[in-house]
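Participant: Could you build the full structure based on these sequences and the hints that come with them?
Read top to bottom, the protein sequences are chains U and X. At position 73 of the first sequence (counting the first as 1) the number is 74 in my numbering, and the numbers step up by one without a gap. At position 57 of the second sequence (counting the first as 1) the number is 1527 in my numbering, and the numbers step up by one without a gap.
By construction, these hints were calculated from the structure, which means they are not laboratory data. Ideal Cβ placement from N, Cα and C applies to all residues, glycine included. A hint or two may mislead.
Claimed, not checked - Computed Cβ-Cβ distance ranges for the label pairs, DEER-style: (1) G1619(X) with I255(U): 54 to 60 angstroms; (2) A1603(X) with A172(U): 42 to 48 angstroms; (3) P1588(X) with V180(U): 28 to 34 angstroms; (4) L1556(X) with E47(U): 56 to 62 angstroms; (5) P1588(X) with A172(U): 26 to 32 angstroms; (6) A1591(X) with E232(U): 43 to 49 angstroms; (7) T1509(X) with Q39(U): 31 to 37 angstroms; (8) L216(U) with H1534(X): 56 to 62 angstroms; (9) I1527(X) with V180(U): 38 to 44 angstroms; (10) S1568(X) with Q46(U): 30 to 36 angstroms; (11) E47(U) with S1568(X): 43 to 49 angstroms; (12) H1508(X) with G160(U): 38 to 44 angstroms.
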Amino acid sequence: MKANLSTKKLFGVTALLLTVFTWLATVKAQTKGEVSFQEVKVMAQEFVNSDSALIKAPIFRYTEQNKQIEYYLGGVKVQALELQSGDPFLLPIEKQIQKESLEKLFSQALSKETFWQPILAELEQLVRLTLSDIENLHDRKELERQLDGRSTDFDNAMGKLDAAIRSFAKAKGYTPRKVGRGLASDTFSVPIVKNPGNGRVQVLPWVKYVLCNRLQKCGANWPWRELVSTEESMVGEYYYEASWPGGRRSEGKIDIRSNATITFTPRD
Amino acid sequence: MPQNGLQEFREILSDVKSLTTWAIGGVVAAPLVDLVLHTGPPWPKGVAVITSMVELISLMFVFHFWTGKNQKAISFRLTLSFMILLIGFFGYLFLFASYTFVNPATSARYAKGFVVKPEVAAMVPDLIPTPEAALAGLEYREEEVWTGGSIVAVRIVLLAVWLLTFGSIAAFIGTFVLAQRRRRRRARA
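Facilitator: Set out below in C-alpha cells:
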C-alpha cells in the first residue's frame, strides 16, 4: 500500500515536472508574443500549487504575544525560470506567479477580508497589459521603455498592497512588521527615516547595482527593494535612490554595519 | 585489575577524559573548545556532538587494534598521531582563516566557496576588488558569490580536517594512556 502511494506520488511529481518543463520550453520557443495570458495564469497556478522551490513564499501571520502582524510579499527566484535576463516575458511571468502565491496565502489567512482582492486584480490586469505590450510592440527599444514603465506600475501596485496591509494591521490594533525571507535573522534591524516623510526610497545590494548598471545584465528588471517600513532588515553595502514629490531626489551608496538610523534627505 | 575488556576500555576512557580535561579544559575536548574559542567549523550545527563521537570511535580503534602491540609499535603510533594532529591543526587554522567569514550582524561564521559565480567573476577585479568584497555588496549571502557545490565542498573539508584533528588528539592521548598502563602493569608484575 505504502509502495503504491509512493509510486503514485512519484508519478504525480514527474508529471508536474514534465508539464513545467514543457511549459518553460514553450515559453522559450514563443518569445515573439504568442504566450496567452491564460497559459501564464494556469502555469503560475501550477507552480504555486506544487510549492515550487523557485517561489519565495509570502508571509502573513499574527503574533499575539507582541500584537504584531508579520508579513512579506514574496517573490520569485527569476534566475531559476531558465529565461534570459533580458527576456520580456520574465516580468509578467514573475508577477503572475507572485500574484498567485499571494492569492493562495490571503485566501487562507485573510479569507474574511477583501482589501487585498482589488489590488491583486490590478496586478493581474498589469500582467495582461504587459503581455499585450510584448505582442504588439515590435521595436526592441520601445518595448524596453514600455516594460520599464510596467515595472514601475507593478512596484506601485505592490506598494499599495503593502500600505493596505499596514492600514489593516493598525485598524485591528496590531503593529505591522515587514519581515525578510529568512534573511532577517542575519541582518541588522535598521531604523529608516525619510526627511521629508513623503519620499520614496528604494535600494539594491551594491553588487546587483554594478551588475545592472555597469554590466547591463538586468534589462528592464532591476531587483529594487522599496523601503516601506520604519525598520528594515539590512546588512552590507547598498545603492539607494530616493525621490520626493516635486522632483527632488538623492542617490548613492550606503554601508550598513550597525543598527544606526539611516536618514534619507534630498540633495538640493 | 580490570575483569574484562570492556571494563579496561572504561578505565582507559576515564584516564583519557581526565588527561583531556587537564589539557584543554573539556570533557571529551571538542564542545568547550568550540564554544570558548569559536573556532569550530561553521557547519553542521551539531558539530560538538559529532566531534565527541569521532573521539570516542577513535579511542575504540586505538584500544581494539593497538592493545596487543609492543612498546616500539606503540611509540611509533604515538608519534604518528602527533604528526597528524599537528598537520590537521595547522591545516584547519589555514582553512578556517581562508575559507570562512563572519556576518557582521550576528557574528555567525559561514563557509565561503572556491568557485566564483560567473556574474560575480565578470566584475572581479575591475569593478569589485575580490569575491570577498562582493560579499558585503550581496547582503553576506555566500551562495550569491560562490557556487553551491564549492561551498558544500569547503564545509565538508573544514569538518573533515576538524574531525581529523580531534580524532588524532583522542588517538594520541589514548595511545599514551595505553602505553602508561602497560608500563605500570609490567612494573607491578
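Participant: Indicate whether the distance between the beta carbons of S1568(X) and Q46(U) respects the range 30 to 36 angstroms.
Facilitator: Since the Cβ atoms of S1568(X) and Q46(U) sit about 47 angstroms apart, the hinted range of 30 to 36 angstroms is violated.
Participant: Confirm or reject the claim that P1588(X) and V180(U) have a C-beta distance inside 28 to 34 angstroms.
Facilitator: Hint holds: Cβ distance 31 angstroms, inside 28 to 34 angstroms.
Participant: Measuring from beta carbon to beta carbon, are T1509(X) and Q39(U) in 31 to 37 angstroms?
Facilitator: This hint is violated: roughly 58 angstroms between Cβ atoms.
Participant: 54 to 60 angstroms was suggested as the range; check whether the CB atoms of G1619(X) and I255(U) agree with it.
Facilitator: violated (33 angstroms)
Participant: Does the beta carbon distance between P1588(X) and A172(U) stay inside 26 to 32 angstroms, or does it fall outside?
Facilitator: violated (48 angstroms)
Participant: Measuring from beta carbon to beta carbon, are L1556(X) and E47(U) in 56 to 62 angstroms?
Facilitator: Check passed, 57 angstroms falls within 56 to 62 angstroms.
Participant: When you take the CB atoms of A1603(X) and A172(U), is the distance between them in 42 to 48 angstroms?
Facilitator: holds (46 angstroms)
Participant: Take the C-beta atom of L216(U) and the C-beta atom of H1534(X), compute their distance, and say whether it sits inside 56 to 62 angstroms.
Facilitator: Holds: the Cβ-Cβ distance is about 60 angstroms, inside 56 to 62 angstroms.
Participant: Please test the hint of 38 to 44 angstroms on the beta carbon pair from H1508(X) and G160(U).
Facilitator: holds (42 angstroms)
Participant: Taking the CB of A1591(X) and the CB of E232(U), does the distance hold inside 43 to 49 angstroms?
Facilitator: violated (35 angstroms)
Participant: May I ask you to test the hint 38 to 44 angstroms on the CB atoms belonging to I1527(X) and V180(U)?
Facilitator: At 42 angstroms between Cβs, range holds.
Participant: Is 43 to 49 angstroms a correct range for the gap between the Cβ atoms of E47(U) and S1568(X)?
Facilitator: holds (44 angstroms)
In the structure shown, a violation is registered for the earlier hints numbered 1, 5, 6, 7, 10, in ascending order.
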